[in-house]
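Novice: Residues per chain are reported as follows:
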Amino acid sequence: MIKVQTENFSLEKETKNLIHKNNNVGAVSSFIGIVRDKAKEKDLISMTLEHYPGMTQTMLKKIEKQAYLRWKLLDSLIIHRYGELFPGDNIVLVITLSKHRKDAINACHFLIDWLKTKGPFWKYEKTKNSGHWVEALESDNLEEKKWDI
Amino acid sequence: MIKVQTENFSLEKETKNLIHKNNNVGAVSSFIGIVRDKAKEKDLISMTLEHYPGMTQTMLKKIEKQAYLRWKLLDSLIIHRYGELFPGDNIVLVITLSKHRKDAINACHFLIDWLKTKGPFWKYEKTKNSGHWVEALESDNLEEKKWDI
Amino acid sequence: MKVLYFSWIKDNIGKNEEDLSLNDNIKTISDLINYLITINENYKKAFSDMSIIRFSKNMNLVNIDEMIDNDDEIAFFPPMTGG
Amino acid sequence: MKVLYFSWIKDNIGKNEEDLSLNDNIKTISDLINYLITINENYKKAFSDMSIIRFSKNMNLVNIDEMIDNDDEIAFFPPMTGG
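Chains as they are written, first to last, in numbering that gives the first Met the number 0: chain A, 0 to 148; chain B, 0 to 148; chain C, 0 to 82; chain D, 0 to 82.
What the hints contain is simulated information worked out from the structure, not anything from laboratory work.
Hints should not be assumed to be uniformly reliable.
What the hints assert, rightly or not - In silico PhoX-like cross-links for lysine-lysine, where the CA-CA straight-line distance does not exceed 25 Å:
1. B:LYS144 <-> A:LYS71
2. A:LYS144 <-> B:LYS145
3. A:LYS101 <-> B:LYS71
4. B:LYS64 <-> B:LYS2
5. A:LYS71 <-> B:LYS145
6. C:LYS44 <-> C:LYS26
7. B:LYS2 <-> A:LYS145
8. A:LYS144 <-> B:LYS101
9. A:LYS145 <-> B:LYS144
10. A:LYS2 <-> B:LYS144
Given the structure is predicted, the values throughout are model-derived calculations rather than measurements.
Take the sequences, apply the hints, and build the full model.
Specialist: Shown next, in the form of structure tokens:
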């Protein structure tokens with residue numbers, strides 16, 4: 000399931016909900032991305048995530064589908080927040096459920112790598128006296144490429 | 000930190016606690032292993048985990064240290080339960096925290112792969128009319144070997 | 000044609016979307032960009048380094064020679080940085 | 000010497016630990032196993048397939064030719080299956 004929202008999320012609530020909805024769950028992998036309090040060595044005031052609403056849903060569904068083709072998943076959830084977020088705030092949650100650990104772990108890793116380079120989001124970091132749009136990292140591109148989508 | 004205990008754990012409580020204890024956390028990876036309700040196609044009544052108390056602490060600390068040598072981790076937690084557990088019960092929790100996602104994700108993956116083959120635990124599965132000790136899987140050995148410890 | 004701009008491309012151009020009525024010789028994304036940079040200096044600046052521009056047609060990533068027409072929704076944005 | 004047994008090795012032997020006073024010609028883990036299988040059929044059965052037996056000295060995994068003495072804690076167990 001895909002949720003793109005401004006509100007925060009609860010890891011425990013989402014995890015329990017997914018476990019209860021499925022039978023024979025043996026492995027639950029999750030990843031949370033959090034706003035750090037430094038941006039290029041400067042104290043961060045806030046990070047604003049802009050996205051392309053219609054496209055986000057489409058692309059996230061597409062990649063979730065890819066994960067199901069590659070691994071035996073019982074269920075999965077991606078929650079991505081947008082809007083203005085502050086240091087310590089949650090940005091993104093990925094949860095994957097499977098019978099055996101390998102599927103859940105690899106699918107979770109794949110999904111978050113993919114979100115970094117193909118999730119239609121852009122980040123504006125505000126520091127004390129200035130602000131800038133975050134540049135995509137070449138290292139993120141390399142991480143994503145190893146999955147050979 | 001290592002905890003070997005009979006009691007259940009709370010993913011949210013442990014995660015929040017770790018995030019609050021550390022500065023500049025950007026990535027939190029976690030893995031939960033759960034007792035499945037089937038054992039070799041038979042309905043499972045319970046799974047009893049036996050361990051070697053003194054050795055468990057020693058070995059888990061050793062491997063946690065390995066993870067810190069390989070990846071830039073801000074913090075980590077391994078909780079492994081023992082005793083009689085029932086379908087749906089949590090068995091193990093691994094949480095890793097880092098600035099950047101790659102470190103947390105890989106360290107979490109490494110720790111759970113390692114626990115499978117080097118954690119001094121043995122599992123007894125009770126089904127309706129019988130019971131058996133779970134055999135180690137060669138596939139788990141291969142998973143663990145790829146980390147080249 | 001609905002054209003959307005995101006991130007610093009939006010900031011440079013000074014708007015996040017616009018409706019354009021294009022003449023028939025604009026057949027591809029590439030043609031559209033060549034037209035946009037003639038509007039004013041802001042557009043020219045936004046599209047000055049094409050290596051960091053991505054584009055979509057109707058919410059799918061496409062190549063620069065993708066055919067477009069007046070019913071399409073085209074978007075321009077820098078490389079994505081989600082997660 | 001304190002000797003511990005786990006999992007089905009414990010079940011076969013019928014105890015989870017014992018204190019043994021060993022004579023001087025038992026110098027390695029291998030010597031200890033060769034002595035144990037002479038005690039009775041249960042021990043013999045427990046150690047019949049050495050490919051699925053692991054051992055530790057003072058809580059560290061060791062090889063079969065590891066030197067041991069009376070102060071050591073030795074444990075026998077099948078391959079581990081944690082997590």
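Novice: Could you check the structure against the hints above and give me the numbers of any it violates, in ascending order?
Specialist: Per hint list: 7, 10 violated.
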